[in-house]
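Student: Given next are the chains, with one letter for each unit.
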Amino acid sequence: AQKVTQAQTEISVVEKEDVTLDCVYETRDTTYYLFWYKQPPSGELVFLIRRNSFDEQNEISGRYSWNFQKSTSSFNFTITASQVVDSAVYFCALSEGINTGTASKLTFGTGTRLQVTL
Amino acid sequence: DSGVTQTPKHLITATGQRVTLRCSPRSGDLSVYWYQQSLDQGLQFLIQYYNGEERAKGNILERFSAQQFPDLHSELNLSSLELGDSALYFCASSVGTTSGEQYFGPGTRLTVT
Numbered sequence: 001a002q003k004v005t006q007a008q009t010e011i012s013v014v015e016k017e018d019v020t021l022d023c024v025y026e027t028r029d030t031t032y033y034l035f036w037y038k039q040p041p042s043g044e045l046v047f048l049i050r051r052n053s054f055d056e057q058n059e060i061s062g063r064y065s066w067n068f069q070k071s072t073s074s075f076n077f078t079i080t081a082s083q084v085v086d087s088a089v090y091f092c093a094l095s096e097g098i099n100t101g102t103a104s105k106l107t108f109g110t111g112t113r114l115q116v117t118l
Numbered sequence: 001d002s003g004v005t006q007t008p009k010h011l012i013t014a015t016g017q018r019v020t021l022r023c024s025p026r027s028g029d030l031s032v033y034w035y036q037q038s039l040d041q042g043l044q045f046l047i048q049y050y051n052g053e054e055r056a057k058g059n060i061l062e063r064f065s066a067q068q069f070p071d072l073h074s075e076l077n078l079s080s081l082e083l084g085d086s087a088l089y090f091c092a093s094s095v096g097t098t099s100g101e102q103y104f105g106p107g108t109r110l111t112v113t
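Chains F and X, in that order, are what the protein sequence lines are.
Take the first sequence: its letters are residues 1 to 118, numbered as in my numbering.
Take the second sequence: its letters are residues 1 to 113, numbered as in my numbering.
Chain X on its own, in the form it takes in the complex (with noise of 0.2 Å):
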């Protein structure tokens, strides 16, 4: 057990549809990370939150939006979606901004049909 927690572990919705996936970082850690794993493009980073600021964006789609709170749980809001968004996605949290050492959630898989 990593100590990271998502929720929910799957979610199953239609096109066009709007999720949010969740995420709580492991105890002391101010980092968030967000991943999409897939069959196509593998694993690919999307966002980085830290202590609730974005820091980094990978190749995420305007669709999607994450934000960090004060409490340092994360949100990952995806809109519009489409079959393709269909995925695991992956919160991982770390100490500081550069620590490297990235623990990883179970993932939340998406279905989207």
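For reference, chain F alone in the conformation it holds in the complex (with noise of 0.2 Å):
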């Protein structure tokens, strides 16, 4: 079965740090997608990033970056000079069945907190 893990509940950090959310994930299928999302104090989730699992590239998008490590079964998420409109729930999720054809519901982890304070 499929499940993700992101050990860190809750992080703090001050504006301008750096910060890493980690997600582990398991699965047994070799074709899945990766995700990150980000819930602000709002509540809508917003869509970050997609990441195949052929494709182990980093990936950068201003001030965030990307790991994915398959040995590690890794997909962590670093934000660059924080700020404090990053401050929100970040969920890391895992997609199955991508050759089958079959459903691509969406595994979540229990998110992490990000607290980005002045």
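Careful: at least some of the hints might be erroneous.
Derived pair list, reagent style DSSO-like, types lysine-lysine, alpha-carbon separation capped at 30 Å [said to hold, decoys possible]:
{"id": "1", "chain 1": "X", "residue 1": "LYS9", "chain 2": "F", "residue 2": "LYS70"}
{"id": "2", "chain 1": "F", "residue 1": "LYS38", "chain 2": "F", "residue 2": "LYS3"}
{"id": "3", "chain 1": "F", "residue 1": "LYS70", "chain 2": "F", "residue 2": "LYS38"}
{"id": "4", "chain 1": "F", "residue 1": "LYS70", "chain 2": "X", "residue 2": "LYS57"}
{"id": "5", "chain 1": "X", "residue 1": "LYS9", "chain 2": "X", "residue 2": "LYS57"}
{"id": "6", "chain 1": "F", "residue 1": "LYS38", "chain 2": "X", "residue 2": "LYS57"}
{"id": "7", "chain 1": "X", "residue 1": "LYS57", "chain 2": "F", "residue 2": "LYS3"}
{"id": "8", "chain 1": "F", "residue 1": "LYS70", "chain 2": "F", "residue 2": "LYS3"}
{"id": "9", "chain 1": "F", "residue 1": "LYS16", "chain 2": "F", "residue 2": "LYS38"}
What the hints contain is simulated information worked out from the structure, not anything from laboratory work.
From these two lone chains plus the hints, build me the complex, please.
Tutor: Written out as structure tokens, the structure reads:
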């Protein structure tokens, strides 16, 4: 069965610090997608990134970067020079069954609450 | 704005009642997913529809049901409500069945008293 673990329940940093959110996953599939979503205090879930299991290249988008390591089943998310607006709960998620055309339901981790203060 | 709309935004009802949550997917998306977010269970997948047909079921209670209509909007029906059904219910949509990228609506906060 698929499983996503976000061991960090809550992280507090001061603005401009770098912060890394950890995500470890378990799956028996060889083809899968990994995701990060942001849930700000307003409650909506905002899509940040999707990564295919075949693509282990790291990705950078502005202050955000993602490190995917298949060998350790990890998909970590780093925010550089954090800002107060980054305060939110961040969820890592996994989707299996890509090749078989079965459901692409998302299995979410428990989330990491990031608090960025001045 | 993800392009996915959900109504109502908030819903307060009593135990034993029945409610209907509505979702309109992004233009062009054929798949609709329903998720429940509660403090004790976290974010859990309930059910998926693709172009009007049920494609997958997750941890959805028998008291809950859903459907997707020809115009692709979806409704989640919750009946015989219990206090424990209080949660944030999200709808998400994607283009296909396995595309991966799911865009979420703003959610419906259900409070059962």
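Student: Looking at the structure, which of the earlier hints fail to hold?
Tutor: 1
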